[in-house]
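So the sequence shown is numbered by our numbering: it starts at 441 and just counts up by one.
Don't read these hints as lab results, they were simulated from the structure. It is possible that some hints are incorrect.
[Stated by the list, open to error] As a list, the in silico SDA-like pairs of lysine to any residue whose alpha-carbon atoms are at most 25 Å apart: (1) K565 - L527; (2) K565 - G518; (3) K595 - V543; (4) K576 - L602; (5) K595 - H549; (6) K576 - R596; (7) K565 - V604; (8) K595 - V530; (9) K565 - I578; (10) K595 - Y555; (11) K576 - V593; (12) K472 - A490; (13) K576 - T556; (14) K576 - N529; (15) K472 - S587; (16) K472 - T497; (17) K565 - G531; (18) K595 - N559; (19) K472 - N491; (20) K576 - A490; (21) K595 - V577; (22) K472 - N516; (23) K472 - V507; (24) K565 - A485; (25) K595 - N537; (26) K565 - V577; (27) K595 - N582; (28) K576 - Y555; (29) K472 - V543; (30) K576 - F489; (31) K472 - L494.
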Amino acid sequence: MPPACASLTADCTTGGLPSEFSYRNLGQNRNKGFELGVDAAVNRAVNVFANYSLQATPDPDFDLAEVNLPPRHRFNTGVNFSHGRYLGNVGESFVDNAFFQDVLDARFHGPTDAYTQVNGAFGVKWMGDRLTSTIKVINLGNQDIQSHVFGDVIKRQVMGGLRVRF
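Generate coordinates for the entire structure from the input sequences, incorporating the hints supplied.
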């Protein structure tokens, strides 16, 4: 806390990050769009899925610059399998560009780029299915992905796991 704000009676508007936030209702805004999805079993071991969503551009009765513009298009596909001791999945996601203005002040407003992300996982069951070890990789392509203008840049992430069934 800045020294000027150490007292409970001090005026803490010393600059830097905003020290006060307020939200106002600016008018009417209706979100419109649709989502389609399919999930199907190819056989007892393999499932596939796909989904798509479309978000219409908002048409508020106030300045459009006051509204977050979510990704217009999102598309996901993937396959899951589980056969005997082995299991895994691979999936691909496309997220269109977006515009965010909901964080702090205008210095932190802006667009995010569209991106495509590929994720995958593989696992093995042990000891009569009592243990399952897995490795999961997010962002296999190691792209710079930022899903929110104020969010972290996500690179490849690799995680291991061990599930114990009692």
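Sort out whether V593 lies within 25 Å of K576, counting only the CA atoms. Given that 25 Å is the threshold and the Cα spacing comes to 19 Å, the pair holds.
Regarding the pair K576 and N529, is the alpha-carbon distance no greater than 25 Å? holds, 9 Å
Hey, K472 versus S587, does the alpha-carbon distance stay inside 25 Å? holds, 21 Å
K472 and L494: Cα distance at most 25 Å? Status holds; Cα separation ~9 Å.
K595 and Y555 were given as a pair; does the straight-line alpha-carbon distance stay at or below 25 Å? The hint holds at about 12 Å.
Does the structure keep K595 and N559 at a Cα separation of 25 Å or less? Measuring from Cα to Cα gives roughly 12 Å; hence the hint holds.
Measure nothing beyond the straight line between the CA atoms of K576 and T556; if it is 25 Å or shorter, mark the hint as holding. Distance of about 17 Å is within 25 Å: holds.
Does the structure keep K595 and V543 at a Cα separation of 25 Å or less? Since the Cα atoms of K595 and V543 sit roughly 23 Å apart, the hinted pair holds (cutoff 25 Å).
Check the hint pairing K472 with N516 against an upper bound of 25 Å on the C-alpha distance. Satisfied, since the Cα-Cα distance of roughly 20 Å is no more than 25 Å.
Restraint check for K472 with A490, where alpha carbons must lie at most 25 Å apart: holds, 21 Å
With a cut-off of 25 Å on the C-alpha distance, tell me whether K595 and N537 pass. With Cα atoms ~18 Å apart, K595 and N537 stay inside 25 Å; holds.
Holds or violated: are the alpha carbons of K595 and H549 at most 25 Å from each other? holds, 22 Å
Violation of the numbered hints given earlier is absent; every hint is satisfied by the structure.
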